[in-house]
Each structure stands twice: as structure tokens, then as C-alpha cells.
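Chain C: place on chain X using the hints.
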Amino acid sequence: MDVEKYIASGILELYVAGTLSDQENLEVVAYAKEYQEIHDEIIAIEASVLELTARSSKLQPYPFTTLKNQLEGQKDNKVVSMQKEKKPWISYLGWAASVLFAIGLFWTYNQNQELKSELEVVSDANLRLENQIADSDTSLEKTQALLNALRAKEIEVITLGGQAVSPDSYAKAYWNKTEEKVFIDAKGLPEPPDGFVYQVWSLKLSPTLTPTSIGILDTFNEDENKVFVLNNTNNSEAFGITLEPTGGSDSPNLEQLYTLGAVSAT
Amino acid sequence: MRLFLFLASNWFYMTLDKLVEGFKKRDMAAFEKLYAMYAENICGVISTIVKNDDRAQEICQDVFVKIWNNAESYNASKGRFFTWILNIARNAAIDEIRSKSYKNEKKNLSAEYFVSILEQPEEVSERMDSKQLKRLLLNLKEKCVQLIELLYYRGYTQKEAAEELDIPVGTIKTRNRSCISQLRENMIVK
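In order, the protein sequence lines correspond to chains X and C. The letter at position 1 of the first sequence is residue 1 when you use the numbering used here, and the numbering goes up by one with no holes. Counting the second sequence from 1 gives a position; the numbering used here is that position plus 1000.
Here chain X stands alone, though its shape is the one from the complex (with noise of 0.2 Å):
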């Protein structure tokens, strides 16, 4: 092929301006690949009108930034609108099962705590109410030993009738000669002062006035059924109840006698 002969042609000139043919063009590029000097025709050809079409305008591209900015744009658009699409399905639904979850964890644990402190309050007023009852049983005993104690066929009982202090006391005692018991039954005295109490004495009567002290009631106040059990070993012939400094006396204050009875001479 003459080389000179083609790149007189013009062929190149409109290869460059792109108005070859299809055809024409893979001629053009295969000859190019082949001959240097054709090759290299091309490129000087190119070259001018490069520089032709620099110089036709003053007008200054916009910076590559800009470009760069739009062809991100048209990227990141398309990235936003497929994230929009599945978004709500997937997170929000996350979202709403978490917060369900964790108001139900919360109502249950509220729950459990209410019927923790439910059963505190149902425990504590089970074992008040045991207490209740062993008390109760407790007292009922008590009452029953008392009753058979005073029902006993030794009982002899001896009523101290009101004197001059306070006339409208009176008290009860049952005397069990046996088992050198006393039992003071201090329903009819009225509560003793502060810094005093009840003293009980056994009374001899003859030859001389002699009373022994048997005992003092300083639960007074706290026992309810007001019945107290002494000790006595003395022949009695009276007993009498006075009011004496706390601690008790050692003989008694008989302008303080509350009540006095005789035991009836068999």
C-alpha cells in the first residue's frame, strides 16, 4: 500500500471529523495499527484541530468539581430512593416490635413487683393473725386454769369490802389452803397513782394485829383480768389491800387501807 497516497487522500482529515463511515473507520483504524506514519498523521491532524476548537471560544468550562457533584448526585439519588422504598418495612417495624417489647417488660416486672409487696402485706397479716390466735389460746388456757383453779373444793373465798378511803373498792380473795395459795381478784380497785401500788397482807388478828406482807401487785396496770396469784403460808385470818410507795413497805400504811376482809372462822 502506498502510505503517502492514502495520507494525501484526506481520508484522515475526516476521520477525525467523524463523517467516515462505519466501514471506513476500522480501514482507517487497521492501517493506523499497521502504519506508524499514519498513525501518527492522525495524531497531528488531531492535534490541530484540538487546538483550533481551544482557541474558537473564551468560554471557560465549568470546574470538574461541578461535573463531579451532578454525577454523584444522579448516584446518591438513586442509592436514596431504593433506601427510601424498604426503609419503613424493615426499621420502623424493628423499632415498634423493640418499644412493645420493652413496655411489656416493664408492665410485667410493675406487676410482679405490686404482687410482691401484696403477698408481704397478706404474710405479714397471716402471722398477726396466728399470733391473734396463739394468744387467744394462750389466754383461754389461762382463763380455764383460773377458773378450775378458783372452783376447787379447797378454795375458800373472802371478800374485801371497800373502807374508809375509798368505800366503793372491793376485792376478792380465793385461798386455797393446800397448795398455800391466794388468788386476788383486784377487779373493784380503781387504778393506783403514779409512784404507788397495791400491797396484800395477811392479817393476824389475835393476840396482836400482826400483818406479813404476801405481795405486791405491780402488774396492776398491764394484767386485764386483775386476778394475781400469791404465795402464802400464813395461817390467815383477814387480808387487806393497801396503797404503798412503789417497791412496797415493809408494814403497812393503814390510813391507805383500800379494802379488808375477815376469813370466816370455821
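FYI, nobody ran anything at the bench for these hints, they're computed from the structure. Model, not experiment: these values are computed from the prediction. One thing to keep in mind: the hints can contain errors.
[Claimed, not checked] Simulated crosslink set (DSS-like; lysine-lysine; CA at most 27 Å straight-line): (1) X:Lys33 with C:Lys1078; (2) X:Lys187 with X:Lys153; (3) X:Lys5 with C:Lys1078; (4) X:Lys58 with C:Lys1066; (5) C:Lys1033 with X:Lys68; (6) C:Lys1051 with C:Lys1018; (7) C:Lys1141 with X:Lys58; (8) X:Lys33 with C:Lys1173; (9) X:Lys5 with C:Lys1143; (10) X:Lys5 with C:Lys1173; (11) X:Lys68 with C:Lys1024; (12) X:Lys58 with C:Lys1131; (13) X:Lys172 with X:Lys226; (14) C:Lys1159 with X:Lys68; (15) C:Lys1051 with X:Lys58; (16) X:Lys181 with X:Lys153; (17) X:Lys153 with X:Lys204; (18) C:Lys1018 with X:Lys68; (19) X:Lys58 with C:Lys1143; (20) C:Lys1033 with X:Lys33; (21) X:Lys177 with X:Lys153; (22) C:Lys1078 with C:Lys1131; (23) X:Lys68 with C:Lys1025; (24) X:Lys33 with C:Lys1018; (25) C:Lys1134 with X:Lys58; (26) X:Lys142 with X:Lys204; (27) C:Lys1066 with X:Lys68; (28) C:Lys1025 with X:Lys33; (29) X:Lys58 with C:Lys1078; (30) C:Lys1066 with C:Lys1025; (31) X:Lys5 with C:Lys1159; (32) X:Lys33 with C:Lys1024; (33) X:Lys5 with C:Lys1141.
Then chain C, alone, in the frame of chain X:
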């Protein structure tokens, strides 16, 4: 010096092949380099046809977006990379001047060649890098300038150009070669 230029241009075009290869694989860095190489030319061609700088800039950017989006459709066996993007730019510019909005602005649609602008006093031709352009087109006949504009800027076929300039189709090829040769001489002189 010529050897150096030869080697330099060879290196440049070897690099170009690699850049185009990268661009076809959507390598943004390669595209940036190609943009730096050709944006001025592409925008220049569009501006010459559209004659409105703002619109030309917009169209130029759109053209490069289109180039990027159609990267895989470029086929080196059918032509030069520059020829490919030049064709996309010409089509976009011609679409613009055929559009309604362009016609509504009552633009003069008659062919307006460089040569007519070159004949105007320098201060009038604001849009053109006229001093440089004048030097490039020095000694080129009016028909040469017109032919170059029709073939390279407006994408006319040989037949269309022959009809437009009222010369035989058979002479287009050789006439164009001599016109381009003159251009190349002016480049060397410069």
C-alpha cells in the same frame, strides 16, 4: 526538538489510551484528566454553534454527563475518543438551536462562520479568543474556514458540505486536507 516533541506526543497518546480504558471502567480520576484535556474544546465547539455562553456552559456540562453515562458505548475501533465526544457535543448543540426556546429568542439561524467574525473589529468579537484564532487561521481562504466549520463544528457530511459551499463532492476531501495542512503550518509558526 522534533524528536522530543515526537516522543512527548507518543507518551501523551499512550497515556490517552490508558485514560480512555480507565474511563470506560468508570474511573472518576481518569475522567477528570480527560475533562481537563477536552472540556475547553468541547465547550468551544458548543459555544460556536449556540452563541450563548450561559447556555453553552450548561449544555457542555450535560454533554460530559452524557459521555460519562454512556462510557461503555465508546468503541475505539470506530474512531478517536475526541471524535466520539465531539459528535455528542455537536448533536447536543444542534438540538439546542433547533429547539423551540432557542427559536423563540429569534436567534439568527443562518450559518455564521468564523470568517465573518474575524472580519469584525477585535473589540466587537467578545466571545472569541480572536487574536489567537486569527493567527491560527492566517492565510486560510474563506472557503477553507467555512469548510472546517461545517465538517468539524457542525458535523456536515461531505455531500452536505459540498452543497452548502457549492463545490463538487469529490474535491471536499483534498480541499479539507489542504485547509488543515495550512492550520498545522500556522501552529508550527506560532
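Right, here's what the structure says about each hint:
{"no.": "1", "hint": "X:Lys33 with C:Lys1078", "in the structure": "holds, 13 Å"}
{"no.": "2", "hint": "X:Lys187 with X:Lys153", "in the structure": "holds, 23 Å"}
{"no.": "3", "hint": "X:Lys5 with C:Lys1078", "in the structure": "holds, 22 Å"}
{"no.": "4", "hint": "X:Lys58 with C:Lys1066", "in the structure": "holds, 23 Å"}
{"no.": "5", "hint": "C:Lys1033 with X:Lys68", "in the structure": "holds, 12 Å"}
{"no.": "6", "hint": "C:Lys1051 with C:Lys1018", "in the structure": "violated, 34 Å"}
{"no.": "7", "hint": "C:Lys1141 with X:Lys58", "in the structure": "holds, 23 Å"}
{"no.": "8", "hint": "X:Lys33 with C:Lys1173", "in the structure": "holds, 22 Å"}
{"no.": "9", "hint": "X:Lys5 with C:Lys1143", "in the structure": "holds, 24 Å"}
{"no.": "10", "hint": "X:Lys5 with C:Lys1173", "in the structure": "holds, 13 Å"}
{"no.": "11", "hint": "X:Lys68 with C:Lys1024", "in the structure": "holds, 16 Å"}
{"no.": "12", "hint": "X:Lys58 with C:Lys1131", "in the structure": "holds, 11 Å"}
{"no.": "13", "hint": "X:Lys172 with X:Lys226", "in the structure": "holds, 11 Å"}
{"no.": "14", "hint": "C:Lys1159 with X:Lys68", "in the structure": "violated, 39 Å"}
{"no.": "15", "hint": "C:Lys1051 with X:Lys58", "in the structure": "holds, 11 Å"}
{"no.": "16", "hint": "X:Lys181 with X:Lys153", "in the structure": "holds, 14 Å"}
{"no.": "17", "hint": "X:Lys153 with X:Lys204", "in the structure": "holds, 24 Å"}
{"no.": "18", "hint": "C:Lys1018 with X:Lys68", "in the structure": "holds, 20 Å"}
{"no.": "19", "hint": "X:Lys58 with C:Lys1143", "in the structure": "holds, 24 Å"}
{"no.": "20", "hint": "C:Lys1033 with X:Lys33", "in the structure": "holds, 25 Å"}
{"no.": "21", "hint": "X:Lys177 with X:Lys153", "in the structure": "holds, 11 Å"}
{"no.": "22", "hint": "C:Lys1078 with C:Lys1131", "in the structure": "violated, 35 Å"}
{"no.": "23", "hint": "X:Lys68 with C:Lys1025", "in the structure": "holds, 16 Å"}
{"no.": "24", "hint": "X:Lys33 with C:Lys1018", "in the structure": "holds, 16 Å"}
{"no.": "25", "hint": "C:Lys1134 with X:Lys58", "in the structure": "holds, 14 Å"}
{"no.": "26", "hint": "X:Lys142 with X:Lys204", "in the structure": "violated, 32 Å"}
{"no.": "27", "hint": "C:Lys1066 with X:Lys68", "in the structure": "holds, 13 Å"}
{"no.": "28", "hint": "C:Lys1025 with X:Lys33", "in the structure": "holds, 23 Å"}
{"no.": "29", "hint": "X:Lys58 with C:Lys1078", "in the structure": "violated, 31 Å"}
{"no.": "30", "hint": "C:Lys1066 with C:Lys1025", "in the structure": "holds, 15 Å"}
{"no.": "31", "hint": "X:Lys5 with C:Lys1159", "in the structure": "holds, 23 Å"}
{"no.": "32", "hint": "X:Lys33 with C:Lys1024", "in the structure": "holds, 21 Å"}
{"no.": "33", "hint": "X:Lys5 with C:Lys1141", "in the structure": "holds, 24 Å"}
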